[in-house]
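J.: Spelled out, the chains give:
Protein chains: 2
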Amino acid sequence: MTDTAVIGQRVPRLDALDKVTGRAKYTSDLKLSGMLYGTFLRSPHAHAIIKRIDTSKAEAVPGVKAVLTQAKLAGKVAKLVDEAHGTTMDFLAFADTKVKYQGEKIAAVAAISRDIAEEAVRLIEVEYEVLPALVDSRDAVRSDAPIIHEGEKPVKAANGETLRNVLRSTDRVEGDVAEGFAQSDRIFEDTYIVPRAHQSYIEPQVAVAEVDPSGKVTCWTSTQSIFGVRNNLSRCLDIPPHKINVIGMTIGGGFGAKFGGVVDVYAVLLAQLTGHPVKIVYTREEEFLDARPAPGLVMTIKTGVRKDGKILARQAFALWDVGVQGSGSWATPRVKGVYDIPNIDVHGYDIATNKPPTGAYRAPGGPQASFASEAQLNKIANALGIDPVDFRLLNMREGREVDFKQTIRKVAEKVDWWNREKGPNEGWGVAIGEWTNGNGPSSAVCTLQEDGSVKVFSGLMDITGTDTAMAQIAAEVVGVSVDRVAVTRGDTNSAPIAVASGGSQVTFSMGNAVRRAAVEIRERVVEIAADLLEARPDDLDLRDNKVSVKGAPDRAVTLGDVAKAASKSKGGPISGKGSFANEPSATTIAALIVKAEVDPITGKVTLRRIVQSLDCGKAINPMAVEGQMEGGAVQGVAWGLWEQMAYAPDGRMLNPGFLDYHLPTAADLPAIETVLVEIPTDNGPFGAKGVGEPPITPGIAALQLAIADAVGIDLHQAPFTPERVRAALREKANGN
Amino acid sequence: MTDTAVIGQRVPRLDALDKVTGRAKYTSDLKLSGMLYGTFLRSPHAHAIIKRIDTSKAEAVPGVKAVLTQAKLAGKVAKLVDEAHGTTMDFLAFADTKVKYQGEKIAAVAAISRDIAEEAVRLIEVEYEVLPALVDSRDAVRSDAPIIHEGEKPVKAANGETLRNVLRSTDRVEGDVAEGFAQSDRIFEDTYIVPRAHQSYIEPQVAVAEVDPSGKVTCWTSTQSIFGVRNNLSRCLDIPPHKINVIGMTIGGGFGAKFGGVVDVYAVLLAQLTGHPVKIVYTREEEFLDARPAPGLVMTIKTGVRKDGKILARQAFALWDVGVQGSGSWATPRVKGVYDIPNIDVHGYDIATNKPPTGAYRAPGGPQASFASEAQLNKIANALGIDPVDFRLLNMREGREVDFKQTIRKVAEKVDWWNREKGPNEGWGVAIGEWTNGNGPSSAVCTLQEDGSVKVFSGLMDITGTDTAMAQIAAEVVGVSVDRVAVTRGDTNSAPIAVASGGSQVTFSMGNAVRRAAVEIRERVVEIAADLLEARPDDLDLRDNKVSVKGAPDRAVTLGDVAKAASKSKGGPISGKGSFANEPSATTIAALIVKAEVDPITGKVTLRRIVQSLDCGKAINPMAVEGQMEGGAVQGVAWGLWEQMAYAPDGRMLNPGFLDYHLPTAADLPAIETVLVEIPTDNGPFGAKGVGEPPITPGIAALQLAIADAVGIDLHQAPFTPERVRAALREKANGN
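These protein sequence lines map, in sequence, to chains A and B.
This note's numbering applies: residue 1131 is where the first sequence begins, and numbers increase by one.
This note's numbering applies: residue 1131 is where the second sequence begins, and numbers increase by one.
Among these hints, one or two may not hold up.
To be verified - Heads up, simulated SDA-like pairs for lysine to any residue below, C-alpha to C-alpha not over 20 angstroms straight-line:
| # | chain 1 | residue 1 | chain 2 | residue 2 |
| --- | --- | --- | --- | --- |
| 1 | B | K1228 | B | R1244 |
| 2 | B | K1544 | B | L1799 |
| 3 | B | K1346 | A | L1859 |
| 4 | B | K1698 | A | V1150 |
| 5 | B | K1149 | A | I1516 |
| 6 | A | K1187 | A | E1257 |
| 7 | A | K1155 | B | T1348 |
| 8 | B | K1552 | B | N1675 |
| 9 | A | K1155 | B | L1799 |
| 10 | B | K1440 | B | G1305 |
| 11 | A | K1552 | A | P1730 |
| 12 | A | K1544 | A | T1348 |
| 13 | B | K1149 | A | L1147 |
| 14 | B | K1676 | A | L1162 |
| 15 | B | K1346 | A | V1150 |
| 16 | A | K1373 | B | T1688 |
| 17 | A | K1149 | B | N1375 |
| 18 | A | K1432 | A | K1552 |
| 19 | A | K1149 | B | K1676 |
| 20 | A | K1694 | B | P1371 |
| 21 | A | K1373 | B | N1675 |
| 22 | A | K1161 | B | K1698 |
| 23 | B | K1694 | A | G1568 |
| 24 | A | K1373 | B | D1691 |
| 25 | A | K1149 | B | A1204 |
| 26 | A | K1149 | B | G1405 |
| 27 | B | K1161 | A | L1737 |
| 28 | B | K1700 | A | K1694 |
| 29 | A | K1432 | A | T1348 |
| 30 | B | K1700 | A | K1346 |
| 31 | A | K1373 | B | G1345 |
| 32 | A | K1346 | B | L1799 |
In case anyone wonders, no lab produced these hints; they're calculated from the structure.
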């Protein structure tokens, strides 16, 4: 596809104007007649027995319409089932006899105003017996650790230890790792630590729910998947999916955390109870106390290499701090990644702690596992005296429809890596991260209208500009200009099924569905235009909003004329539908180079350059791909420098707000430089791959190397705060 | 299709619960942030020159955001183009130099409240020079009549006269009518008169419009066709259709009058001018003064018959009182109807009068033309001593896929017509009316969901229960129960094109589109289920929400299982689309028998029985078909007994409200009896025909005969009010 008219163009996002003018409608903008406001009573303790709950004073507050506790749900289904990214969580809607994390929901109140609801929450009396809390996954696995979930059974781990509080494990064994280590010239063993990080979307979790007299549910929410929310509500509340309509409003950021279950279920429960619509909007503090942040990781990784640099064996033992529920362990095998390593022995464990449940965050588990994997590779390259880029080129395998080596080479060339220069206390770092596109089921419908414009309709949520990509795909296939394509989304009642907007799958999966729907349109256009123009179908050219005879551009009809003719034909108006699922998906790789300066006095790290390359297949809209790369790169380095959810020993969070949880702003960052590497994939629409996830993965490790290169310290725990940098510098000065 | 599971079942309307519980959302329920209210200044005179308009006092009222007149529209497109039912109207948005009917819009005001807007309207000063008004079409055609529209040219009519104020004409000539009359034994000539009637939908005309900073228009309205409204706005305001989104809200009655142009254009103009959303809701008085009622008719009809009853020739000369714009003349040829008449000479003229424009009203022109045609046939039968049912059977032609004779025979059998009995002052009447289904373009999308439910999506507006019919069609084809089908409508941005909900075309056209979309689903279901069940596709049975092997009902998979398998297959999720247009459509016939009692003292007519038969093809939902028959029959007899828009000689309406415009209630009527005659049509879905229009057509004529049969008077002018009945009885007593 070298000769594309719209694919590959830099097209401004279709939703840009509505967003910058404040016209985009968010869930919290909704005001329904008779609407109530819902709030929660939350546990102040991370681990405690509930001895008594008394809601009578709260219920007596004028304006309070319902106070809901687990006891009042008796007989109703009230278990949450959260299936984002294949992990099933299963827990009660409210704590009843025991709380397991600070912020856990104990009761919900619906009242005619938010103030009244909050007043009622304050009047609920709860008597607790506080228990010791498990905060660190390394403590939680000890044989003498308290048990968080009843019925838990100790697990015999691969390293021979017996682990407590294990929720799930992932193992990957290839070859013979002992033999691999035996053949190695050098063996490295390190432990790397990444704390939890919050997705920090600007718009908090929010839902409005309404239940009609027949029990049909309507739920407006901010989500990455209206079908995911619907199916989740169906399972939690035992209502058939077709009796639930989920309407996706504009979404103010998701990054993996907006798949439902956090507020929507409660809004529906309160609406069922009161007969009124109910709105719930999280505060920022609630976001930090009880949403679905990324799990933390403690990984011990052991790698054997020959002195020529060839990696022979890798072993990893990972404890994922998932809180009361969640999973990260499935990402542990990423320590093999794109490298050709003959012997692998990897074991990851999801460990329950007295912290809130965790969920997906852009490339789930990727930034954490990549830090351990890539930081150690940098350390090994340095120890062997091999350039870290060359070291990777040496060990990378060949990909199918992806070019790992070219991608890292291109980013290195961009900064003239092999001739790089640095000033005092400056250093360079490099790392890579790969990801594979999701390929879930999608359907789309396209219509050619009588004014020659095209409509694209689906149930897809746009969080990253994918509507614009869909418009470009339809425009390219049908031969219209992109300003004549309108992309709209239905609700779960009206739209055919759409993939979740996550897992780097939207462009790949829905893009194919839209392409197929547009091809159906194109085929009928050609058939009708051939008739109108008295030409052979093969001789027709669809371009610039018209169909013309090749070599005779004056013999042409507009697409509007064709649509009008169709509406009078027996075949009827021109519309097409396309479906897609489960075809082999693409692998992508991002490579990141950062240059940083370390202040040896304060320990403050300042970023000087951030340069990222990405194999994006074909870039449908380069501007959108660059946007994804810029956002991902920033989040990656932010995990490295600033972001962490900090907990006191009793399990209470120390920084539940943006004053103390440091999110970078533009002032903290240099301009991000990007390099697109376009290796098309056969199954992608026009060769495109999903690009959402890979850019976040290499951030921590690249930064770690830059700091090491700058001031000669080998940090193992993110984020690399001034305190930790200073401590390492002191340690180095002390000769340790 | 004798073996249908869902087609032919009496299924309650899907929207019933929402409507009876008050949950259905109408346009006037909308409240948008910053919304203004729009109202109009209207002419108090039916015909006048505007010498001066001064809006300065109105503009100075605090809270008034805009005062719009034709002068202020200079440079903007501001002509209304109304294409309901193929008639193009073309007039200015506001009167500028001349008003042509009482109630014509002179200015529009947008203000922060309705009260303020009305106050501002009162402060607009207009100076008029009143002109004589043309109220009766017979006066308007006279050579000395004032001219209503500049540039009008006199027309030489078929009868040799020169007619003024003719807007349009329709002629139909077959055979040699002079020869036909020459061969006739008897010739009858009569003039019949029907006044204007208003559709009297309960929900008045209403629209809310919003215009975004880029000029994109969103319009919420009560309409029978969101695409019609969109295209009309596009033409009036010179905005490309794809920059206009029309959202159809629940519609509280339409009957042909809700195709846009009455309020929506003005709401958009005011929204453009002010930058705010604007709502306009008509009052009932405005409905009567300036909407789109049915035109009046004065028809002279001449019929020649042999003494054995065979009709040999028919001639008609019709003046349709359309007001300033509109058309009825195209319905004039209905005087031939279903009869085998060799010689026809029919001429209809649309005559401009100083009354509001007219539009479509259920079977446009049908009730009026049928009155003249059928009343005269009853008179002829009586004069020849032939039973009026027998007289029709004698002259009816054979239809294609329709049975005219069986339909009238069935209704006659229902009342035991040939042995009918009557008490003192009671009489029986009969008449028929036929109609042909529209066959406009439609597309629909169906989706099979993973819970085994089916979604039907289109841009169709449901005014008569057609959503329920669509659900039944999809359910039948796919083999699900009807409670598992959800029917949703999109807006013009999201939905593929749909026919207008008028012209008795919805079930025929959209029904076919839905059927085709469902067939696409069925085909993929069979393919996948054959695989899952290891059976031949031909051996499979789709029924009761599952697919089973014929003869082995235990070998079955649910439709949900099939959908789940599809979502993992390369073909992707199961959805289907269907399009339809322009295939030969069906003819239907309704036959009506009424029994009435006339009080010879007061002249009051009381209905004793109303019995109607209808050839509906296959009744998808007999309850819905009966509902259409009951509603149509009531409107038909109401035109005969009560309804009329009455005008003073100066053109002012005398009864612009429901206190004086008599709509019947249940207290005025006996229970309506219905007889379904099911003659399937090849092209209809499951043989179905559209049924909306025929039931209204025979009402006036059947009633006229019943009164004639009761008290021996031959009324020629509807409605048959007590005053007219008494006058005729007096005349009869006087021997005239």
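J.: Each hint should be assessed against the structure and marked as holding or not.
T.: Hints, verified against the model:
no.: 1; hint: K1228/B x R1244/B; verdict: violated, 27 angstroms
no.: 2; hint: K1544/B x L1799/B; verdict: holds, 19 angstroms
no.: 3; hint: K1346/B x L1859/A; verdict: violated, 60 angstroms
no.: 4; hint: K1698/B x V1150/A; verdict: violated, 39 angstroms
no.: 5; hint: K1149/B x I1516/A; verdict: violated, 76 angstroms
no.: 6; hint: K1187/A x E1257/A; verdict: holds, 15 angstroms
no.: 7; hint: K1155/A x T1348/B; verdict: holds, 14 angstroms
no.: 8; hint: K1552/B x N1675/B; verdict: violated, 53 angstroms
no.: 9; hint: K1155/A x L1799/B; verdict: violated, 49 angstroms
no.: 10; hint: K1440/B x G1305/B; verdict: holds, 16 angstroms
no.: 11; hint: K1552/A x P1730/A; verdict: holds, 16 angstroms
no.: 12; hint: K1544/A x T1348/A; verdict: violated, 51 angstroms
no.: 13; hint: K1149/B x L1147/A; verdict: violated, 37 angstroms
no.: 14; hint: K1676/B x L1162/A; verdict: violated, 39 angstroms
no.: 15; hint: K1346/B x V1150/A; verdict: holds, 16 angstroms
no.: 16; hint: K1373/A x T1688/B; verdict: holds, 19 angstroms
no.: 17; hint: K1149/A x N1375/B; verdict: holds, 18 angstroms
no.: 18; hint: K1432/A x K1552/A; verdict: violated, 31 angstroms
no.: 19; hint: K1149/A x K1676/B; verdict: violated, 46 angstroms
no.: 20; hint: K1694/A x P1371/B; verdict: holds, 14 angstroms
no.: 21; hint: K1373/A x N1675/B; verdict: holds, 16 angstroms
no.: 22; hint: K1161/A x K1698/B; verdict: violated, 39 angstroms
no.: 23; hint: K1694/B x G1568/A; verdict: holds, 17 angstroms
no.: 24; hint: K1373/A x D1691/B; verdict: holds, 19 angstroms
no.: 25; hint: K1149/A x A1204/B; verdict: violated, 33 angstroms
no.: 26; hint: K1149/A x G1405/B; verdict: holds, 17 angstroms
no.: 27; hint: K1161/B x L1737/A; verdict: violated, 50 angstroms
no.: 28; hint: K1700/B x K1694/A; verdict: violated, 34 angstroms
no.: 29; hint: K1432/A x T1348/A; verdict: violated, 52 angstroms
no.: 30; hint: K1700/B x K1346/A; verdict: violated, 33 angstroms
no.: 31; hint: K1373/A x G1345/B; verdict: violated, 37 angstroms
no.: 32; hint: K1346/A x L1799/B; verdict: violated, 37 angstroms
Comparing the model with each numbered hint stated earlier shows that hints 1, 3, 4, 5, 8, 9, 12, 13, 14, 18, 19, 22, 25, 27, 28, 29, 30, 31 and 32 do not hold.
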